[in-house]
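A.B. asks: Each chain, written out:
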Amino acid sequence: MQQGGNRNTAKLLMERSIANRVGAIIPDSDVPVQELPETNLLRSNLELPEVSEPEVVQYFTGLSHKNFSIDTHFYPLGSCTMKYNPKINDEVAFLPGFANIHPLQDDSVSQGALSLMHELQSYLQEITGMDCVGLSTLAGAHGEFAGMLMIRAFHQRNKDANRTKVAIPDSAHGTNPASAAMSGFDVISIPSDEAGNIDIDFLKSIAGPDLAGAMITLPSTLGIFDTNITEVCKIVHEAGGLVYGDGANMNALLGRAKLGHLGFDVIHLNLHKTFSTPHGGGGPGAGPVCAKSILYDFLPAPVVEKSPSAFELITPASSIGRISGFQGNFAVLVRAYTYIKTLGAAGIKSISGNAVLNANYIMESLKDIYDIPYNRTCMHEVVFSASSKKDQEVNGLAIAKRLLDYGFHAPTMYFPLIVEEALMVEPTESETLETLDAFIDAMKAINEEISTQPELVTEAPHTTPVSKLDEAKAAREPQLKWEPS
Amino acid sequence: MDNKAPFQSHYIPNTTEEQHFMLSKLNAPDIDSLFSDIPEKHRNPTLDLPNPLSEMQIMQELSSLASQNRTLSSGPSFLGAGSYHHFIPAAIKPLITRGEFLTAYTPYQPEVSQGTLQVIYEFQTLISNLYGMEVANAGMYDGATSLAEGVLMACRVTKRDHASIASTVSPAYIQVIETYCQAQGITISSFDPDNPNISEEAACAVVQYPNFYGGIEQLQTISDQAHNCGALLVMSADPLALGMFKSPGEYGADISTGEGQPLGIPPSFGGPYLGLFTCKKQYIRQMPSRLVGKTTDKEGKDGYVLTLQTREQHIRRERATSNICTNEALYALASTIYLALLGKTGIQKISNLCYQKAHYAASEISKIPGFELQNTNEFFKEFVVSCPTQPEIINKKLIEKNILGGLDISHLQQNSMLICVTEMNTKDDIDALVTSLKDL
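Line by line, the protein sequences give chains P and U. Going by numbering that gives the first Met the number 0, the first residue of the first sequence is number 0, and it counts up by one from there. Going by numbering that gives the first Met the number 0, the first residue of the second sequence is number 0, and it counts up by one from there.
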């Protein structure tokens, strides 16, 4: 739908600016006039827009219409767990007693907040089979960084600082090698075997005295539960290393298996995936670190502990240090806490059951027309390969873009890197059977189009607010802000 | 009620009949059978969690927990030190909680994410302008981590591995820098900002503006010193100070970061906040985190995309400029709406109000026997006073009168308190604090 006049979003804020328009009334000072600082400290020029409140609300509302979102579209985005974000969670997070409290106010006047954090720590411990939890890490990658620094600190305390290598499967998220590198480790990429499991022989061949540990995503980004996982953990442990778990795919395992029981030593969870907090167009999230007791002393500061009389923020004895400004993305923690409280144990287990059922239903419905590189029961997501469509001049990107015309967000594309023309589909538990069927029908219809009208697919999308964008131009001549012409 | 009724959640639509239908299509006897790849002895562990609560019960329980926390609006509050009680226009919440923004993913599919992408482009524009810098990225986690990433970036740019940090930078920020640097072989030293001796080996001189104690350093001197050594100037600046005081760009900052929380984001016990990150254009290929660029579509229509992604972890993996992925996009939106609403004159007025009220409070408190203003330089909205007794005791007495006092920093300066005054503090609030301090 086109919007006319000022509700049209084409003009940017600086282009809309008209001198002397205001969007907020700021009261006059109620204190006696104070002397201003020396002028050489003062600013002479401030380029910010001057627009009224109605224009601002109309402009941003108009922009919102140009987005797909979970509330408006199905997002079968693999490894991203785009599930429904319950509204009660937001309402609770905005309660003044949670939103309008200062992170440094005395423990005695923040017991409600601290007890919520303490309880959330215990829920996450129980769900993951770990012994301790730190909540101060602000996203998944931030949790990875903390966890890998903990592994490094552990080896240093054991006078075992020569452990410089970290084994990471070739199917891993890019954040894993990046976090390992930021933590001072060299990355060794481990191949996957024919069944999609970690190549055990390769792992054995590198499991030596220089191995600090392994970073493993379970289920893997191939949507597969590695049937050798306990063996993998054993090999790393016997070599003297520790096992890090990337919890991005925890939605598959809730109540079905605990990473702590399988042999993982430290993991992170993505509360903005598994525990339903909204993605916000790229955050905020939260990436709590859950660890075995041998790593408790190294947790990032602060953690919440219960003394006989009260809850308090403390720094563990050999903490890797403070990793964020305060004690974590509290408003995200409140949402995850609310979600767990709403579901209870049976509900938590029902998430994984339905998520995995939905993914297998999609796999079964489409596997005759889109190749599946690993023909076995999948977990919460299924990876298809569009490589066989290449004879017809159609690739995974084109199929993904054509899906947008059918009103579905694209699957994760070209990831994991080890599957050619990968299309990774994660439906989550919160979609209806009708939506799954409509998605399946769209994928079938696109398959028909590949034979009958391939240009419809290769030139897609056709119905979106903009057509295919020139990304090369954006990178070649970077225009990163509005400038007066 | 039938106790044998199967579990049902209002977040999970599948009915038992639908599950049976789907399972029959899979030739699977039940849902449990889909999990047979999990080693049997570890499958279906006990899960001990509290019983589920209905929405009505949740609201009651959580409201009761929330009521145990003292809110900043329930009485005069003078705590700052990196998290601030500022005005948040009412229009922000309804816009950021629109499902189209709140429940969207990272804008990797630009054709269906133009809303988020254009917002980030606006954010980059307004933050660049506010900081007087050439380029801003799409955001970082918070002010502390943003500064730490600024240090790492300065080391990449200069190919040096030492950071020289002003002794007046927030202790928490310094701790985060230490955490970020500990595994990368980057060493850290401290310099006195009043007599800046920047190490010749330094990749950067790091300053906070205003500093942790509220004061404004001799920034031009520090900038010149740093540049003479071939180091970059990395400056963490309070965005609301910049409505009044010179921008980091005017002092020659190469990288300037900041805590975006004052720009329309609630304090929320410490997060989520918003890391601001700006730099000179010549360094963009070493920047961490996302960048949005303007381009055109096939029909020549303007549009926005994530760009220069070869810096990032999903392309470059272990050689990426940072591991950062999900950060705080929703709060980049909040701060963009904030800056749009307040605009040029609103930001100037808020800055001035903070300044006026803080200076009024400082002068009134200094008149009380035993209390002395410790700031020798100009300050903005925070200042340090030395107290006749331990600040801990003073704060306990203040809270009895429902006043949240300043931050006890006696571990840094004897018997001292860091007091923050913003536009949210009325003259009555300040007078109540002064009266209470007199009555001690």
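Honestly, I wouldn't trust all of these hints.
Unchecked claim - Below, a list of computed lysine-lysine pairs in the DSBU-like style, where the Cα atoms sit at most 35 angstroms apart: (1) U:K279 / P:K467; (2) P:K305 / U:K40; (3) P:K443 / P:K467.
Keep in mind that the hints were calculated from the coordinates and are not lab data.
A.B. asks: Now, for every hint given, state plainly whether the structure supports it.
C.D. replies: Hints and how they fare:
no.: 1; hint: U:K279 / P:K467; result: 30 angstroms, holds
no.: 2; hint: P:K305 / U:K40; result: 33 angstroms, holds
no.: 3; hint: P:K443 / P:K467; result: 23 angstroms, holds
Violated hints: none; the structure is consistent with every hint.
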